Every structure is written in C-alpha cells, then in structure tokens.
Amino acid sequence: MRNPSWKLLVPFLALGLMASACGGSDDDDAAATTTAGGGATTTEATTESTFAAGTTMAKIQAAGKIKIGTKFDQPLFGVRNPTNNEIEGFDASIGRLIAEGIFGDDDIDSHIEFIETPSKVRETAITDGQVDLVIATYTINDARKQVVDFAGPYYVAGQDILVKEDDDSITGVDSLNGKKVCSVQGSTSLTNVQTKAPQADLSITFDKYSLCVEALLDGRVEAVTTDNVILLGFVDTYPDEVKLVGKPFTTEPYGIGLKKGDTAFKTWVNERLKTIEDDGSYAEAWDDTAGVTGEPAPTPPPIAA
Amino acid sequence: MSVVFDNLDIYWAGFRTTVSLTAYSFMLALAIGVVVASCKVSPVVPLRAFATTYVNIVRNTPLTVHLILLLFGLPKLGILLGPFTTAVIALGIYTGAFVAETVRSGINTVGQGQVEAARAIGLPFTSTLRLVVLPQALRATVAPLGSLLSALVRNSAVAYVISVLDIMGRADRLSVLTAQPIPVLIGAAMAYYVITIPLAFAINALDNRQRIAR
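So the protein sequences, as listed, match chains A and B. Start counting the first sequence at 3; every next residue gets the next number (this note's numbering). Start counting the second sequence at 160; every next residue gets the next number (this note's numbering).
No lab work stands behind these hints: they were computed from the structure. Treat the numbers as computed from the prediction; the structure is a model and nothing was measured. Hints may contain errors.
[Stated by the list, open to error] Calculated lysine to aspartate or glutamate pairs in the DMTMM-like style (CA-CA distance at most 20 Å, straight line):
1) Lys245/A / Asp220/A
2) Lys67/A / Glu118/A
3) Lys235/B / Asp144/A
4) Lys182/A / Asp209/A
5) Lys276/A / Asp151/A
6) Lys235/B / Asp242/A
7) Lys276/A / Asp264/A
8) Lys61/A / Asp151/A
9) Lys276/A / Asp107/A
10) Lys261/A / Glu273/A
11) Lys122/A / Asp144/A
12) Lys235/B / Glu243/A
13) Lys181/A / Glu167/A
14) Lys235/B / Glu167/A
15) Lys235/B / Asp220/A
[Claimed, not checked] Beyond 12 Å from chain B on every Cβ pair, some chain A residues (computed):
16) Asp75
17) Pro84
18) Glu88
19) Thr190
20) Pro255
Note that the Cβ used here is the ideal one computed from N, Cα and C, for glycine as well.
With these hints in hand, go ahead and build the complete structure from the sequences.
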C-alpha cells in the first residue's frame, strides 16, 4: 500500500496532542493554585471568616473558589490584560474585595475564577449557576429583578455619547434623532435611546462596545452611546479620534447580580460592600482603575434594601 | 411561551429578513459555485489552482470570521456596505465554496464518453461544459444542493453578530427586552423549522421528479 492506513491517523493524533497539551497546562495551573493555597493556610486562618453551614458563602469557602462573572473587554471596569491574562478594572477590583471577605486577603487571585459575561448572557450565567456573582457594569432594573437579585448598587453611572473628534453636530441626547447610533445588543443603553431619541437609527448593534467603536471609526455609525465610564475607556484608547459629548442623560445604578432568592448571600454582599466603602479600599480600588482617567473616586451610592 | 405569541410581528419581520438573506446569498453562492467548479475542471492550470485555493481557504475559515472580516475590513478599503449586503456577500462566498465542490462531484458523475463525444463533434471546452456536462451534472446535484440550502438557512443565523435583524437578531433583541431568553429562542427555532422542514420535503419531491424524468 502506497499510503499506509496509519498515516490517516496522523491529523487526529496531532489534534489529540494539542488537546492534551492544553489539558496539561490546566493541570499545571491547578497544581500551582493548590500549592499557593496550601502554603497560605496559616496566615489565612487569621483573616478568614466563618459562615453558617448551607449558606452560599460557606459553600464558596468550602470549594476554595468563587466564580465571578465580569466583562473582559470593558476598559477601566473589566478587561483582560493581554500580557499576563489578569482581569483588571474597577469591577474586577470590587470582585476581589468581596472575595477577600470570604477567603482573607492573602493571594486572593488563587481563589477567584473570573468568567467572561457579556451583557446578554449575564442573567443565564447567574440562573444556571455558572457564576456566583456578576459584577459587569450591570445596571439594576425591574425586568432584570424578575430574574436575578442585585446587591448594591456600588456605583452610579450615567449614559453619555461618544462621537468622532471633529463632530460638533451631536451635543446631547436630543441631537441623536436621525443619526446612526450604535449600542450593544442586550443593554439598557439601547432602550434608553429608543425612549429619549425615538428617531435615532439603531439598526447597528454588536455584542461588544469595542465593535461599536470600530464602526464609529469606520464611519458606519455617527455615535456610540452607553454609560459614560465605559465610553471614557475608549477615549483613553483613542484620544485623537473620538471624544465624549459629556451630557449624561440617565442614572445607571450598577449592582452585583446574584441568584434570585438567595437573601443571606445578598445581605452578606451588601454588608461586605459597606465594609469596603467605609475602610477606604473602595476609593483605593477606584483610583487604581477607572480613576486613571482623572475622575475622582465617587461617593458610594446608598445600598438598596 | 406567551412571550412568543405576543410578539409574532417581531418574528414575522425577522422571518422575512432570513428568507431574503438566504435567497440572495444562495443565488450568489450558485453563481460562485458554478464558476469555481468550472475552473476546477478546466484544462487551464492557473484556473484550476485558483479554484482549489478558493475552496480550501474559504471552506476552512469559520463563517463568523468571514462576516466580521468583511464588515470591518471593507470600510478600510473604502467600501462601506450595510450589514445585510455584507451578510449576503459573506454567506454567498462561504456557501459558494461548498456549492463548487458539490457541482464538481456532479460533473464527475457525467460519463467520460459524453465529453469525448462532444469534443469529437468539435465543441470547444466551454460549450462542452455549458451544453453537455453541466445540464446533466446539475441534475445529479439537486439533493446535495438542497441540503446546502437548508444548511444556509441555519447558517444565516450567524449574521446577527453583524447586526442583521433576521430571526436570530430579532429574537436576540426580544430576549433582552423580556429577560426570557429560553422561550424566545425556542420561538426562533420554530421560525427556522417553518422554513427548513417544508424545504426538505420540496427538495425530496424535486429530486424524485428529476430522477424519474431521466
């Protein structure tokens, strides 16, 4: 036989090797985490809290890991650092501070699994139990409260407009009528524009704000609209191409999404938020992340009942 | 499921977009497919090389990549097309590669004697292909082209990522408004069945008819 049959197996073997190589690195990570966790036990014992059996906090503590849903492409709030793969931003920092309430503040990243949750999968990720918490520029509203519970709010944003640097025709939400405006599929920003500027052309939507900004740079749309802090991140990235209109027209309270009905967990997260707001670590988290744009740390909003 | 029945008008709008998106891109795919398949069997080496390259590259690139590359790539070349047109082109290019392979295998079913007879009476290559080989080859491809069309209907759902408001795109927006993604998506699946199931029967019938006729 000129082409021996074993040769047919080669591509599959190659695939298998690739798969096991990936699996291998996962194992390495797991091993590294265990060692780190094990080595830290003595110091952790002093800061680690204890929880009533059966509560979500106790379960997370027993599992040794909290799963936090956040965005990976939201500059300043939740973004994956391409060089070290760490998740950075204000949301991620709040997540770390909350996790420290369960695991203590020693090597907190070994106890956190960040999971990417774009706008439209946030509810399902919570209801299916893929994540324990969602901290992802997640506006509290009534429709969402039917499906999930919110702790917080921990921050109040406002919806603003991003335009090209040389565009003076858009001065506020009213001037969006008749303009092509991009926002993200599944965001409240989209419905807000529909109400406040009913003649705006909203036919272009993507699942990521980064694609909306790309469409703005291409001239496919004339404005991108969503919460000001998110847009600020893009001004940070493209300072010469885009600018913020600077006329917020909504108030968007950001909450921490968790499973509906888990009152004990919600109460604990709220208490934890209060603690970090009072001890200054909240302001510190802001200054290290979203604060780099020059925005001062906000006064934390009152936590809802 | 009341969320589906309350919003039938939204599904209907999406349904029409899906049907026209599929129809336009399938026409484009057929045109591309026949041309590429003809290149693939042609005696001219560069044409054959072009056809092989086209099929291999296009078939092995994920559809989502085609869509996003075209949507954000074309403006960089100074061509600004709407999401629907971009989706038609991307789906047409993608499905065209599969159509080319199907048509080529159809051409292979036509007996070598047919080609020799055509050449013997002095027909040039293009006429041999157009008058003798392709009419017979396309008959043999009715069933496989039908499954490609059915796959295209389902593949077209990917176009919602570049904000085409087809069934999937409308369902996506609806699921956000209602915060009930599961019933809304089941409704979307139903809307696709309304196209794909009758399509399967139609293709079967067509295939049987042309078989008897032969």
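Do the hints match the structure? See the list:
no., hint, result
1, Lys245/A / Asp220/A, "15 Å, holds"
2, Lys67/A / Glu118/A, "16 Å, holds"
3, Lys235/B / Asp144/A, "41 Å, violated"
4, Lys182/A / Asp209/A, "17 Å, holds"
5, Lys276/A / Asp151/A, "18 Å, holds"
6, Lys235/B / Asp242/A, "18 Å, holds"
7, Lys276/A / Asp264/A, "19 Å, holds"
8, Lys61/A / Asp151/A, "19 Å, holds"
9, Lys276/A / Asp107/A, "17 Å, holds"
10, Lys261/A / Glu273/A, "17 Å, holds"
11, Lys122/A / Asp144/A, "16 Å, holds"
12, Lys235/B / Glu243/A, "15 Å, holds"
13, Lys181/A / Glu167/A, "16 Å, holds"
14, Lys235/B / Glu167/A, "19 Å, holds"
15, Lys235/B / Asp220/A, "7 Å, holds"
16, Asp75, "14 Å, holds"
17, Pro84, "19 Å, holds"
18, Glu88, "26 Å, holds"
19, Thr190, "9 Å, violated"
20, Pro255, "17 Å, holds"
Checked against the numbered hints above, the structure violates hints 3 and 19; every other hint is satisfied.
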